[in-house]
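Chemist: Given next are the chains, with one letter for each unit.
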Amino acid sequence: MESSQHRGASPETQKTVRINIYRGDAEGGEFVEYDVPLVEGMVVLDAVLYVQAHISPDLAVRWNCKAAHCGSCGGEVNGRPKLLCKTRVDDYEGEEIRVSPMRAFPLIKDLVTDVSWNYEVARSIPEFKPAEKAPFTMYEEDVERLYEPKRCIECFLCQDVCHVLRSHHKHPAFAGPRFFAKIQSLEMHPMDTGHRTEYLKEGRGGIGFCNITKCCTEVCPEHINITDNSIIPLKERVVGDYYDPAKWLMRKIRGRRNGE
Amino acid sequence: MSLAAITSAINRRLPWWAGPIAIVTALTLFTFYSLWVVFFQSHAATYQTPEGINYLSPFYSPYIPSPWEWLSPAVFILWIPLGFRATCYYYRKAYYRAFFWDPPACSDDAQRKEPREPESYRGERAAPWIFNNIHRYFFYGSIIIVTFLAIEAVLAMFPVDGGFALPLGALILLINAILLGGYTFGCHSFRHLIGGRLDCYSCFKGGGALRKLYKGVSKLNARHATWAWASLFSVVFADIYLRLVIAQIISDPILFRI
Amino acid sequence: MERHDTVEHDILVIGAGGAGLRAAIEAAERGLSVGIVCKSLLGKAHTIMAEGGIAAAMGNVDPDDSWETHFKDTMKSGKFINNWRMAEIFAKEAPDRVYELEEWGGLFDRTPDGRIMQRPFGAHTYRRLCHVGDRTGLELIRTLQDKVLHTGAEVYMETTITRLLKDGERVVGALGYVRETGRFVHFKAPAVIMATGGWGRIYKVTSNSWEGTGDGVILAYEAGAELVDMEMVQFHPTGMVWPPGVRGILVTEGVRGEGGILKNSRGERYMERYDPEKMELSSRDVVARANYTEVEQGRGSEHGGVYLDITHLGPEKIKKKLPTMYEQFLKLADVDITREPMEVYPTIHYTMGGVRVEAETGATTVPGLFAAGEVAGGLHGANRLGGNSLSDLLVFGRRAGIGASEYVKANGYSLEVDEDQIRQEKERVLRPFENPEGGESPYAIQSELQEIMQEHASIMRTEESLREGLEKVRALKERAPGVRIEGSRMYNPGWHTALDIHFMLQVSEIILMSALERREQRGAQWRLDHEGLDEELGKVNFVARKGSDGEVEITTREIEPMPEHLSRLFEED
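Chains as they are written, first to last, in the numbering used here: chain A, 1 to 260; chain B, 1001 to 1258; chain C, 2001 to 2573.
Read the hints as simulated data drawn from the structure, not as lab findings. Virtual Cβ for every residue (Gly too), placed ideally from N, Cα, C. Hints are supplied without guarantee of correctness; some may be wrong.
Stated by the list, open to error - Under 7 Å between C-beta atoms, here's a sample of chain B residues computed to sit facing chain A: (1) Gln1111; (2) Glu1124; (3) Asn1133; (4) Ser1202.
Chain A on its own, in the form it takes in the complex:
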C-alpha cells in the first residue's frame, strides 16, 4: 500500500516524529503520513490521538484507559500486533512507524475493526457451574494456576496474530487463543463441574486447528503463556478424553459392562 500526502505539525519549531496511519474502510484505504510533535515517553496512541485532536478529527481509533488495563487499543505497528498505548515511540528510533488495524477482523474504519465475533464465541462457551454455594473453601495452591489466564484484558491481539484466524479464516469453527485461556480458567477451577472437552474437540472450540506455533504467546501484552499453560493443557485433556487408546479401550469395556 502506498502512502499519500504528508500533513501535520510544522517540523521547524519542534522535534517531531513521522507516523504512518492506515486510513480507510471496508472498501479500501492507504497509509497517510503525519508529523507529530515528539514528547518524552510518548506512546503510539499519544501520536494517534494528537492527529485526531489537531489534524484529522475523524480518525477512528478505539481506546479507553490508556494504561494497558482495558485492551481497547489493539492494532498493528509495523505488522506486529501491539497495544498502541503500551508501544513507545522511542522503541522505533530510526525506523519507520506504520500503524494499521488488526487484520484478523473485518475493518470498520481506520484503526477500528469489528470484533463482535469474539463475543459470540464467549457466549458459546459452557459457563461456570459451581459445585456448591459460596462462600467456597478454596486454597491458594489449588487456584494459583488460574490467576495467569485471568489476567487477560481481551485486547484480542492473540486472536489477531493467530494464523488459524488471520490466514485461514476459521472463525466459525475455532475459538482462538483468548478463549482457550478463558476455558482453561474455567476447566481448572476447583469448584467448577462443567465439561468443555467436547466443546473443544467437537464443538465451536476447534482446538485441533491450533498447531501450537506460539504467536499468541509472543504478542500477549499481559505476558500470559497461552500456549504452554492454557492450550497445551487443554489439548492434553482432549487427548485424555478422546485420543488416548488405553483410555478409549477402558471406556469401551466399562461402557459395555455398564450397558449389560
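Given chain A's structure and the hints, the job is docking chains B and C onto it.
Modeler: Showing chains B and C alone in chain A's frame:
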C-alpha cells in the same frame, strides 16, 4: 533505551526467515546423522577402552542385539526418542513453522507468505498431524530409555578391573543423561499426567506432594525448548565423542580414579 | 425525516460497567427482556481501573469486622452528609454480593484457611478489601460480563444515548446512535436504569477514560431528575506524573495498602504531619491534600510529584501483589518499582455526587428512571473510601435491577412518544455537520474546559476562583453549539466529542455552582476562604435540578436524622 527495548529492536530488525532457517538446518543435520547411524553403523554399538571402561553410545541404549548383520541395533531403540521428539509440543511448533511455514513467523509479512490455501488447512484435526496426540506414549517409552542412559553412564565409571574411575566419556554420558532427563521430565504430557489433569490437589491425600512434583515439572517445562536443543546436541556430541574414541583418533582421559 | 431503527425491551440499561451489568443480570434472571447500551466494547468499562479491591465486612482476616464498623467508616469518611440508609444497606449487603461473584466464577486471593483474602485500605478500620492482586475491577467485570452473555440480555456495544424520551412524566425509552454507522436507534422501554459512571474527563489530569463525560447524569438531569452533592469530586492521592502522556493514570491505593510509604524530596515521611495515626492509609481527601501541599510548598519531586516507595516489600511480593503497577511503571515510565520509588500526584478519580436515588430501589425522582453506581449520588457523601465503589456497584446495581423489574411488572404504560421529541433530538445531534465551515473544533472546546475545571474547581477552592471558572464555562457553553465536524457519520470521533462536550459543559456548570454554595471544608470540598466544617452545612445536601426556565437551580435539602439503631453506633466510640 532500556535493555528490553534494545533486544526487541534487534529481534524486529532480524528478518523473519532467520529463525526458520536456523531450525531447518539443525533439524535436517540431526535427521541425516540419525539415519547414518541407523543404516551405516551397524557394528559400532559397544566398546571397551584400553583402560577397561565399557561404553555404549546413547543411540544404542538399551542394547538390543540385531539378528541381522546389516541391521543396526539402533533401529530397535531410536524410534522411541525420535518419535518422542517428533511429537513433542515444542518441536511441533519448530517444524510447523520452519518446514511447513504454517506460519513461518508471527509478523504480518511472514504470515502473508504462508503457502497453504485457507480451505486446505486442517491443523492437528486430521492426518498426519492428528497422530501427534499420541505423544504421551512416546513419553512412557522415553522414561525407559533415559533410565538406561543414566545406568550406562554410571556403569562407565566402574572399570572391569574394579575400583571407581571418572573418564571423560562417562562424564559426557552423565551430562547427556541429565540433559535428556531434563527434556523428558519437562514434557507437556508428563506435566498433564502428573497434575495438569487435576483441578484440586487439596481434595485428596497425597495431593500436596503431587502438586510439588507438578510445580517442579512446570519449572522444567518453562524451559522445554532449551532442554530440547541442549539434549539434542549432547546426544550427538556423546555419540561423536565415543566414535572418535573407538576409532582411536582421540583417547579417553581418566579424570579421576580411586 | 432522518430514519431510525426501533428496538423494544422491558428494561434498558445504559452503561455496562459493574452497576449496569449487575442490574442487567438481576432483571434478566427475573425473566425480563433487557437491553444494555454502552459507549465502548463490552468489558472495557472504567470499572476495570478499580484495582485495589472490593470492600465488604466479611471479617475473614479480622474477625472483629462487622457491617456496623463498615457503616461507621463509610459515614465518617463521607463527613456525615451521606444518605445513611444507603450506607446501611450497602454495609449489610456487600459480603453477599462478593460471595455471589465467587459463585459465578470470580476468583479472589485466598487466606491460608481457604477463604477470600482481605487487605487493609485507607480509613477502613479493619482489613476489608477482597482483592485479586491489583486487578480486582477486571475480575469483577469479566465475571459479570460472562454472566450477562449467558443470559438473554442483548448488548448494544458502541452505542451512545443522547436523550431520554418521556411520555408525560415518565421515562419510556431513549434515543441513541450506533457509533459504527451513525444510525439512530429508538430504544423503547418502560424502565431505564442509568449506570453510566462518572465525569472525571471534565478535568485535565484524571484517571478516567474518554468515556467519563457525564452523559448519564446530564441525561437524567435533562429528564428532570434531581442531582445531589455535585460539588464532591474525589482527587485520588496517587496518579502517575511522568512521562506527560501518562499523567493522571491511577496508581492503586493497594500500593499503600501493601505498605507503600510517601516521602517528599527531603526524604521526610510527611504523612506524620497530616495524620499521624493512619499515616499513608488516611482517607483519600486527606492524603491528596497532603501530597498537593508538599508540592505547593516546594518539597516536590523532579517532575512535580511526591515519592511513593514500595521497594521494601521485595521484588517477589511486589510482582505477586501489584503486578499491574509493576508492569505499568516499567513499560510506560521506565521505572522499576522494585528498586526505585514512584512519582505520584493527585488525579481526579471519582465523583461522589450524582443522581438522587431511593436507597432501596435506585428509583430517581423521575418515574421510570433508575440509577446505580457512580452516576448515583448519596452513598459516599463528601468522600469515598477506597474499595467502596466496587461493592456500591454490586449492591445498588442489583437493587436497581430489582427496583426496575418491579416497576415494570407493576405498570402497563404505553411506550409511545411524541415524534417531535425524536425529531428535535436528531436535529441537535446532527447540527455539528450542518454548522458553517470554519466552526470551532470540539477537541479545542473540550481541552479548554478541562483546563478551566483543573484550575477553578480543583483540590482547593475559593469563591473568587469558582466564580471566574463559572463565567468561563458559561462562555464556553455559548460557543459549543457552533462546533463544526468534518467527515461522515461513520465512526467519527470528532462528532462523538462534539456530543460529549454538551454533557461535559453542563455537568461542569453544576459542579461549580454547587461548590459555590458549600462554604466550608468538608471532605473533597475544600474552600480556602472558609475555615473548617460548618455544622449547619453538615445537615444538608445541595440538590441541583433543571429549573422551569431551563437553567440550573440549586437548593438545599435537609438530611433526615439517623434513626436510633444507627446513631447509637457512633455514641459507643
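Chemist: Compare the structure with each hint and give your call.
Modeler: Each hint tested on the structure:
1. The criterion of a C-beta within 7 Å of any C-beta in chain A is met by glutamine 1111 of chain B, whose closest approach is roughly 6 Å, and the hint holds.
2. Taking 7 Å as the C-beta cut-off, the interface hint given for glutamate 1124 of chain B holds, the closest approach to chain A being about 5 Å.
3. Annotation: asparagine 1133 of chain B was flagged as interfacial toward chain A, and the flag holds, the nearest CB pair being 4 Å apart, inside 7 Å.
4. Against a cut-off of 7 Å between C-beta atoms, the interface hint on serine 1202 of chain B holds, since the closest Cβ of chain A lies about 5 Å away.
No hint from the list above goes unmet by this structure.
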